[in-house]
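Participant: Chain by chain, the residues run as shown.
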Amino acid sequence: MQSLRIICPNGHLGFAPIRPESFRLGVAARPDYIAADSGSCDIGPVPLGTDTSTSPLGWQTHDLELMLVASRELGVPMLIGSAGDTGANSRVDLYVKIIQELATKHRLPRFKVGYFYSEVDIPALRRRMAAGEVVEGLDGRDALSMSELDATERIVAMAGVHPFLALLRQGADVVIGGRSSDSCVFAAPAMHHGFPEAQAYYLGKVLECASFCAEPYGGKETVLGEVTADDVRVTAMHPAQRCTVASVAGHAMYERSNPFFEHVAGGTLDMSQCHYEQAGEKTTRITGAQFQPAAEFRVKLEGAGKVGERYVGLVGIRDPYTIAHIDEVTGWARQQVRERFGETGYELHYIVYGRDGVMGPLEPLRDKPGHELCVMVQGVAPTAEMAEEVCMIGTRQMFYARLPEVKGSAGSVAFALDEVLRASPAYRWTLNHTLRCADPVELFPTHMTHAGL
Amino acid sequence: MATMTTQKLSTLAKTIRSKNAGVDLITFDIIFTERRTYERVKTSGVLTRESVACLYGIGLERISDFVEFDPGNAIKFTITRVRPSGSAGDPDIFGAQQYAPLLDIEVPVDVPASK
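Sequence order for the protein chains is A and B. Just so we're on the same page, this note's numbering is the position in the first sequence counted from 1, plus 65. Just so we're on the same page, this note's numbering is the position in the second sequence counted from 1, plus 6.
Hints may be right or wrong, so weigh each one.
[To be verified] Below, computed lysine-lysine pairings styled on DSSO-like, alpha-carbon distance capped at 30 Å:
{"hint": "1", "chain 1": "A", "residue 1": "K472", "chain 2": "B", "residue 2": "K25"}
{"hint": "2", "chain 1": "A", "residue 1": "K472", "chain 2": "A", "residue 2": "K433"}
{"hint": "3", "chain 1": "B", "residue 1": "K25", "chain 2": "A", "residue 2": "K371"}
Note that these hints are calculated values from the structure, not bench results.
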């Protein structure tokens, strides 16, 4: 095999639907694989903590159906990483079930479905830490402490190419992955066919977000990547999009702190010597990618821990004097919560839209508020009843704030609703760490089943 | 003889954006179409670790990376979050709306006094 071609129709499968027109053009190009990642930690810690998806089932099914029907028609494998946004075990099971139901619906001939899990057993991790294993922090975090582990509800490990390779070697026609590095969903098939690691990982890097590597901007459109022993070529499938030197080089820096290096389980893709050239109207060719194997095999862990139940209140403010003294208004309401519940054991947050609601302390213009404000109040507490009361006091007492020189003495805020609303429970990212592993697949048990008639 | 005038960064750059880079970082990209414009902004000194720390009112220790990315005609920097993304009270879970203050940065331009 001189080259391998993979299409990616969606940078986060299910989060917003695949656009079918460019997908059909990609399928018509007869790729060797169809692959996409379905997860991201961008969605916050709540889905991992509550073991849910943020993507609607209907959109997940829509995307999987397009990909499955096309891959079975072409007779090529289909790979999905980070099933159901988080890659938790329940999400992998969900995607396997969707694949099996779609196979029956379309009366597809029997095929092999490989899948792997990536949840980390918390008691086992606790034993390893007790035996002296250091779970190192990423991005400036301290090493994981026992108390942070105890506060954690669920952990997923970020798979590299290894479980995908194991399942491809076993002849899987469809692979459903637990949490995965998105680039590895594409690098694995390239490595399975013997292409060099450097080109394989670069192929994954450029394909992972689908049309985000093309211009003009437009998400969820299909792109096609082709890897050889020496280079990678990427082509936009949408009639109005092109992969240009600027769009492809620009994509290297998207969502990452350093545009030259991409860390995956087992090593680092070094893009510092990459050379980009326009190889056709819609195609950019990339050479010079390098891959450095890691001295120690470490796997990234993501973990979410519950903070409490959460309620939300909303108020509006129009009086300019009250706007100028908004911190005293929230201060008054905070004090009433304190008198009811004390200093600790709950959280009360005020997000002041119209002043610094979007940026908080990073806002340079926070001393120039608008002529009206909206304040979102969040109350978080161990029980729903307490969270509701924290939020209710924190919201309603803004109405009764005592400002000495206010003209309007009948109420300091406007209510569009005078109740508070139940929101998702509050979680936080307790783990952004790495764990040393002796065996690259020890955290990723693989399984094989089948679907179709 | 040349006089010093300025142009806003928003008129010079093709893309100015912010986005999470993992759960603890927000990364900012300023991307130019023209190599010349990129070089001019790069050498002007208006975008440095110090200037962006000052603009956002944060200490230098919160700028985790500052990269001039020649292959992409881009300047890129990354800041650490005080609390991880999506914690209760975080108003921007994706970190996607933190770039606005960059738009109005004034970039000096040397303009000939007469043509």
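Participant: Now tell me, hint by hint, if it's right for this structure.
Facilitator: Hints, one by one, checked against the model:
1. Distance hint between K472/A and K25/B is unfulfilled; the C-alpha atoms sit about 43 Å from each other, more than 30 Å.
2. With a CA separation close to 21 Å, the supplied pair K472/A and K433/A stays within the 30 Å bound.
3. Proposed proximity of K25/B and K371/A is supported: the alpha carbons are some 24 Å apart, at most 30 Å.
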